[in-house]
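A.B. asks: Given next are the chains, with one letter for each unit.
There are 2 protein chains.
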Amino acid sequence: MSSVDLKWKVLFSVSVIVNFTCIVLVIIQSRTRLSWTREAAIEAENVASISCSGHGRAYLDGLVLREDGTPICECNACFTGPDCSLFKPNCAVDVDSGNPMFLEPFWKQNAGSSGVMVAGWHRMGYEFEDGTLISKQLKNVIHKLHDTVGNANTSNKYILFGAGSTQLLNAAVYALSHHTPYSSPTKVVASAPYYPVYKSQTELLDSKKYKFSGDTSSWKNKTRSRTTNFIEFVTCPNNPDGHLNKAVLQGKFARHVYDLAYYWPHYTAIPSPMDEDVMLFTLSKLTGHAGSRFGWAIVKDKDVYDRMVEYIDLNTYGVPRETQLRALKLLNVVLQGDRREMFRFAHTIMKTRWEKLAEILSTSKRFSIEQLPSQHCAFSKQVRPPSPAFAWLKCEAEEDEECHNVLRKADIIGRKGAAFGVENRYVRLSVVNSRDDFDLLLQRLQDLVSKHRSIVDGVMSL
Amino acid sequence: MSSVDLKWKVLFSVSVIVNFTCIVLVIIQSRTRLSWTREAAIEAENVASISCSGHGRAYLDGLVLREDGTPICECNACFTGPDCSLFKPNCAVDVDSGNPMFLEPFWKQNAGSSGVMVAGWHRMGYEFEDGTLISKQLKNVIHKLHDTVGNANTSNKYILFGAGSTQLLNAAVYALSHHTPYSSPTKVVASAPYYPVYKSQTELLDSKKYKFSGDTSSWKNKTRSRTTNFIEFVTCPNNPDGHLNKAVLQGKFARHVYDLAYYWPHYTAIPSPMDEDVMLFTLSKLTGHAGSRFGWAIVKDKDVYDRMVEYIDLNTYGVPRETQLRALKLLNVVLQGDRREMFRFAHTIMKTRWEKLAEILSTSKRFSIEQLPSQHCAFSKQVRPPSPAFAWLKCEAEEDEECHNVLRKADIIGRKGAAFGVENRYVRLSVVNSRDDFDLLLQRLQDLVSKHRSIVDGVMSL
Numbered sequence: 001m002s003s004v005d006l007k008w009k010v011l012f013s014v015s016v017i018v019n020f021t022c023i024v025l026v027i028i029q030s031r032t033r034l035s036w037t038r039e040a041a042i043e044a045e046n047v048a049s050i051s052c053s054g055h056g057r058a059y060l061d062g063l064v065l066r067e068d069g070t071p072i073c074e075c076n077a078c079f080t081g082p083d084c085s086l087f088k089p090n091c092a093v094d095v096d097s098g099n100p101m102f103l104e105p106f107w108k109q110n111a112g113s114s115g116v117m118v119a120g121w122h123r124m125g126y127e128f129e130d131g132t133l134i135s136k137q138l139k140n141v142i143h144k145l146h147d148t149v150g151n152a153n154t155s156n157k158y159i160l161f162g163a164g165s166t167q168l169l170n171a172a173v174y175a176l177s178h179h180t181p182y183s184s185p186t187k188v189v190a191s192a193p194y195y196p197v198y199k200s201q202t203e204l205l206d207s208k209k210y211k212f213s214g215d216t217s218s219w220k221n222k223t224r225s226r227t228t229n230f231i232e233f234v235t236c237p238n239n240p241d242g243h244l245n246k247a248v249l250q251g252k253f254a255r256h257v258y259d260l261a262y263y264w265p266h267y268t269a270i271p272s273p274m275d276e277d278v279m280l281f282t283l284s285k286l287t288g289h290a291g292s293r294f295g296w297a298i299v300k301d302k303d304v305y306d307r308m309v310e311y312i313d314l315n316t317y318g319v320p321r322e323t324q325l326r327a328l329k330l331l332n333v334v335l336q337g338d339r340r341e342m343f344r345f346a347h348t349i350m351k352t353r354w355e356k357l358a359e360i361l362s363t364s365k366r367f368s369i370e371q372l373p374s375q376h377c378a379f380s381k382q383v384r385p386p387s388p389a390f391a392w393l394k395c396e397a398e399e400d401e402e403c404h405n406v407l408r409k410a411d412i413i414g415r416k417g418a419a420f421g422v423e424n425r426y427v428r429l430s431v432v433n434s435r436d437d438f439d440l441l442l443q444r445l446q447d448l449v450s451k452h453r454s455i456v457d458g459v460m461s462l
Numbered sequence: 001m002s003s004v005d006l007k008w009k010v011l012f013s014v015s016v017i018v019n020f021t022c023i024v025l026v027i028i029q030s031r032t033r034l035s036w037t038r039e040a041a042i043e044a045e046n047v048a049s050i051s052c053s054g055h056g057r058a059y060l061d062g063l064v065l066r067e068d069g070t071p072i073c074e075c076n077a078c079f080t081g082p083d084c085s086l087f088k089p090n091c092a093v094d095v096d097s098g099n100p101m102f103l104e105p106f107w108k109q110n111a112g113s114s115g116v117m118v119a120g121w122h123r124m125g126y127e128f129e130d131g132t133l134i135s136k137q138l139k140n141v142i143h144k145l146h147d148t149v150g151n152a153n154t155s156n157k158y159i160l161f162g163a164g165s166t167q168l169l170n171a172a173v174y175a176l177s178h179h180t181p182y183s184s185p186t187k188v189v190a191s192a193p194y195y196p197v198y199k200s201q202t203e204l205l206d207s208k209k210y211k212f213s214g215d216t217s218s219w220k221n222k223t224r225s226r227t228t229n230f231i232e233f234v235t236c237p238n239n240p241d242g243h244l245n246k247a248v249l250q251g252k253f254a255r256h257v258y259d260l261a262y263y264w265p266h267y268t269a270i271p272s273p274m275d276e277d278v279m280l281f282t283l284s285k286l287t288g289h290a291g292s293r294f295g296w297a298i299v300k301d302k303d304v305y306d307r308m309v310e311y312i313d314l315n316t317y318g319v320p321r322e323t324q325l326r327a328l329k330l331l332n333v334v335l336q337g338d339r340r341e342m343f344r345f346a347h348t349i350m351k352t353r354w355e356k357l358a359e360i361l362s363t364s365k366r367f368s369i370e371q372l373p374s375q376h377c378a379f380s381k382q383v384r385p386p387s388p389a390f391a392w393l394k395c396e397a398e399e400d401e402e403c404h405n406v407l408r409k410a411d412i413i414g415r416k417g418a419a420f421g422v423e424n425r426y427v428r429l430s431v432v433n434s435r436d437d438f439d440l441l442l443q444r445l446q447d448l449v450s451k452h453r454s455i456v457d458g459v460m461s462l
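Chains as they are written, first to last, in UniProt numbering: chain V, 1 to 462; chain G, 1 to 462.
Mixed in with the good hints there might be a few duds.
What the hints assert, rightly or not - Here are the simulated SDA-like pairs of lysine to any residue, each with C-alpha atoms no more than 20 Å apart in a straight line:
#1 V:Lys208 - G:Gln201
#2 V:Lys88 - G:Ala192
#3 G:Lys199 - V:Asp313
#4 G:Lys139 - V:Val64
#5 V:Lys199 - V:Lys246
#6 G:Lys144 - G:Lys300
#7 V:Lys199 - G:Arg307
#8 G:Lys451 - G:Leu361
#9 V:Lys208 - G:Ser213
#10 G:Lys220 - G:Ala192
#11 V:Lys144 - G:Lys208
#12 V:Lys409 - V:Cys91
#13 V:Lys9 - G:Lys7
#14 V:Lys246 - V:Val422
#15 G:Lys208 - V:Glu203
None of these hints come from the bench; they were simulated from the model.
With the sequences and hints as input, model every part of the structure.
C.D. replies: Below is the structure:
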């Protein structure tokens with residue numbers, strides 16, 4: 001064989017090997033090529049790849065103003081510009097609402113496992129196969145979730161779904177006031193400071209069956225001697241002040257609705273599982289998906305459960321199937337691996353935020369915040385200080401009766417005490433918002449505290 | 001050059017060309033390879049590829065009982081077996097609920113454009129960027145939809161969203177009864193036969209502001225002389241009987257809520273756009289996505305709109321963001337191309353079903369159905385007979401006072417007249433269910449009619 005001949009043979013052989021590898025690759029890629037999901041998947045990836053400088057994000061259903069047909073960046077408050085890169089210097093930081101955006105980065109980090117493809121024909125019918133409005137798979141995952149966290153005893157209890165805990169609050173009031181005689185409507189109460197929706201929602205439709213009757217303390221020791229029924233909202237940890245509230249009213253005429261929206265290791269030690277008659281939870285404060293409006297009730301009594309289901313049926317006919325599908329996906333991510341990743345993420349952020357907040361406020365005599373004890377947490381197996389979703393700020397100076405005005409002047413928008421049934425010397429500030437919001441809150445508080453201290457120092461030195 | 005040499009050169013050249021093509025293919029495929037959406041897309045395609053014999057479907061969140069971890073087939077009623085291939089011979093056909101599964105095949109045919117990938121971080125916050133609970137893009141598409149179909153005038157009107165029209169019914173009652181003095185609650189009425197939810201929902205919470213007061217006809221001519229306020233539900237076409245109802249009560253004390261759930265070319269000719277103060281629509285009967293619980297209200301008056309928004313805020317805090325995203329996707333499919341494809345699909349099925357139904361019942365003297373006139377349809381530019389969502393069956397024989405029992409004995413489950421405020425001589429049968437359900441209904445009706453005719457013929461020949 002000539003050397004020329006050999007050279008061509010070798011070259012040809014190499015080329016054939018490359019060909020073979022290449023063809024195998026093409027075949028493998030073609031086999032795993034997506035068909036009907038492809039268009040939606042590409043669209044979602046394109047939108048997700050739009051850069052918003054870390055101060056915003058583009059959504060699939062965002063406004064389309066760009067020439068290339070892609071949606072605009074939706075910026076965090078106080079940021080602006082086409083890619084959210086511009087800071088608005090005199091922008092007031094809005095920490096009025098407890099918008100749980102601090103968890104968004106977790107879901108970006110877990111993009112692959114948390115996305116869900118909803119087919120055009122996904123669960124079009126009114127009911128699930130068993131005739132209910134509730135996904136069995138999702139119900140099972142919720143049982144597993146509470147078993148894992150140890151924050152609620154779900155065994156031998158009924159579970160139903162609602163639009164956040166919002167809808168379930170009224171469903172519970174409806175169910176528990178059902179046998180009320182018209183002559184004496186059930187009194188709905190909560191311990192001040194309380195979540196404003198208890199009042200506004202209970203009063204909304206002017207029912208003959210129930211009536212919001214203010215602070216629990218006014219009715220203490222009056223329940224045993226009366227025939228009036230009471231429904232007491234027990235919020236644990238409490239919104240706004242983070243206390244692990246317990247029921248105040250006792251006796252056979254008092255029924256309790258435990259609002260456990262914040263009873264997660266993000267915000268509090270979990271001393272032991274709750275085991276109450278009616279317990280409400282929401283995805284909003286667990287995974288941060290407030291916009292999904294998904295909540296669930298855990299109910300001991302069959303009759304109360306049936307009445308709550310009746311309310312949901314007639315009010316909205318259940319929670320959208322795409323919401324239930326997404327909640328299932330998200331909770332499966334929460335429960336993957338060692339089942340602690342999201343809780344670690346959430347607690348680390350909340351803990352750090354509280355350390356920073358406490359440090360700034362510790363130097364102030366003008367403002368104080370709630371003091372809550374550390375407790376043993378059965379979930380983390382540690383003694384933990386609380387890291388509640390809200391700072392419940394008090395203006396200590398006599399003249400600062402309208403504390404929210406003091407803060408507003410410093411470009412901080414909080415929610416005033418009156419909304420929670422107490423004096424306006426208190427203001428609620430959200431600690432769960434986006435990092436941008438929290439950083440700005442810290443900075444504004446720091447400025448406010450420093451400014452006040454320098455005034456005090458100035459006066460003292462006179 | 002030797003011939004051997006030439007041969008190797010040619011072979012090598014061909015191989016290099018194959019190399020080049022192949023490498024380009026691999027590069028192209030790699031570039032269009034999906035990243036974070038891939039897992040969800042594959043999962044969805046795997047589930048969609050599960051065969052359920054055309055009598056069922058597997059869903060992403062279906063129960064997992066198979067060893068390979070895939071969800072089970074959920075079969076149409078009267079079908080069973082792991083792949084839904086077994087017919088249950090003595091199964092009663094359930095046409096009680098108007099479950100709009102007749103549109104499912106349309107969405108399977110349009111799988112590529114109707115699927116939506118929901119990212120784990122999609123719209124986690126409580127509000128949209130403008131502070132509302134409503135997607136602007138979706139609102140714009142709804143305007144475009146009504147412009148296209150010509151069934152409602154939306155210009156200079158407000159649009160809000162709710163959980164199906166279900167939630168919006170009560171939101172409208174709340175808004176329109178807001179200024180009612182307690183001494184005289186607003187009377188909520190509808191023309192019998194009426195949709196049962198008007199009554200059950202209005203009565204649910206025993207409001208002091210409004211009270212369900214039965215059939216409109218009892219109040220006709222009484223409104224002008226009184227100071228009592230009225231809210232009249234006007235259902236057009238009517239559920240159950242398909243009539244294009246008009247408001248009965250007039251005068252300054254009468255307010256109207258137009259329930260236009262069925263005012264689509266699937267079910268009726270569209271003579272002209274509606275232009276009423278409060279108009280309600282739902283995705284359920286338009287695209288068939290009943291499980292999505294998405295509806296919208298078109299409202300003329302700002303004050304009424306604001307009150308309805310207030311109700312939705314306090315009741316559920318808006319429609320889930322994933323539902324709004326999906327509704328946007330689905331309505332964009334409805335409006336793609338010549339904007340008529342889904343309407344053609346829906347009308348063709350409904351028309352064919354009614355022809356078959358009418359043929360069977362035309363031979364019966366025992367049963368009759370509603371007679372509705374043909375009308376000119378401005379959308380299709382044709383004179384069209386109606387093809388309503390329900391057959392409103394009447395048992396003509398004197399002894400058949402409980403018509404639903406007559407049908408039940410023939411294995412047909414309908415909804416009895418009493419639910420709609422009329423006598424049980426009437427039964428509502430759904431015509432919008434899956435093809436399996438409808439075919440079985442036809443067969444059972446055919447058997448029933450034939451059996452009765454042979455009895456009559458037997459008696460006559462005696």
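A.B. asks: Hint by hint, which ones does the structure fall short of?
C.D. replies: 2 and 11
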